[in-house]
Amino acid sequence: MSDQRAPAARRWLAHPVMSALLAAGWLMLQQSVDAGNLIAAALLALVIPRMVAGFIGDGFRLRAAGPALRLTAIVLWDIVQSNITVAKLVLSPTRTPQPAWVPVPLDITHPNGIALFASIITMTPGTVSCVIDEARREILVHALDCSDPEAAARDMKARYEAPLREIFG
Amino acid sequence: MTELNPWIDGLVALLLLIGAFFLLVGALGMLRFRDFFQRLHAPTKASTLGVGGVLLASMLYSAATGRLAIHELLITLFIFITAPVSANLLAKAALHLKLPSKAGHPKRD
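As you go down the protein sequences, you meet chains C and Z in turn. The first sequence lines up with residues 2 to 170 when you count with this note's numbering. The second sequence lines up with residues 3 to 111 when you count with this note's numbering.
Rather than coming from a laboratory, the hints here were simulated on the basis of the structure. These numbers were taken from a predicted model, which means no experiment stands behind them. Take the hints with a grain of salt, since some may be wrong.
DSS-like, lysine-lysine: derived pairs with alpha carbons at most 27 Å apart [stated by the list, open to error]:
1) Z:LYS104 <-> Z:LYS94
2) C:LYS89 <-> C:LYS158
3) Z:LYS104 <-> C:LYS89
4) Z:LYS104 <-> C:LYS158
5) C:LYS158 <-> Z:LYS94
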């Protein structure tokens, strides 16, 4: 399993972001920073990334904090807005949604970036990523109520994919 | 239960109501939408603003009663990691089984 990808699997701390998240996650679960928990957090941060390195390939460095914060704000705002749009659609007795398939061509190449892009699309109400097609380099999205699939795809690319490309390079 | 400042009390109640409203709308969506792919949209709505409102209320309540609560941020993170994966797998299975879809079937060659 790890033979071909040995470089990442043999180094300690090859996935700094994952290590930091694991340590922070452990301390948040325990709600304490006493010595025992700090040691446990450090052990988890060192051992788990090394154990799963064969499955997740090479790590990445968070290279742009500014775009990451901006993207977080955009996504939170869009979640609120589209929640309201979809709620109106559900509660209106007369309107029937016009669902459509929206193919979203991908420009971003980093696998983590593609996964994050697809997750963001699913978490904003009204759109669900159904197929991530690596051969065609596109994500097939099901939109709940969409009259113009091309415009919807352009919108998603501009709002989420462009900042993701800055973050993952 | 500790006495709270009425403003904070009201804000916590408001956040709980907002969360409950969007959870209810998610459930109504399940009833109202006509095909599998449309129904797939209901849980993404319930798990964002619905759960988000309840979590914000919980954080605010804990903070106001003097306990710093950050569990809630972890819950948000776990939802964000797991919900899209399960939705994606459900959608793939549904496409494979060619379930009826009002949007038709995506053209693939």
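For a C-alpha distance cap of 27 Å, please report whether LYS89 (chain C) and LYS158 (chain C) respect it.
Satisfied, since the Cα-Cα distance of roughly 25 Å is no more than 27 Å.
Assess, step by step, whether the Cα of LYS158 (chain C) is no farther than 27 Å from the Cα of LYS94 (chain Z), and give holds or violated.
It holds: about 22 Å lies between the C-alpha atoms, which stays within 27 Å.
Would the hint linking LYS104 (chain Z) and LYS89 (chain C) be met if the CA-CA limit is 27 Å?
holds, 20 Å
So if I understand the rule, the pair passes when the alpha-carbon distance is 27 Å or less; does LYS104 (chain Z) with LYS94 (chain Z) pass?
Cα-Cα ~16 Å, so holds.
27 Å limit on alpha-carbon distance, applied to hinted pair LYS104 (chain Z) and LYS158 (chain C)
The hint holds at about 25 Å.
When each numbered hint is compared with the structure, no violation occurs for any of them.
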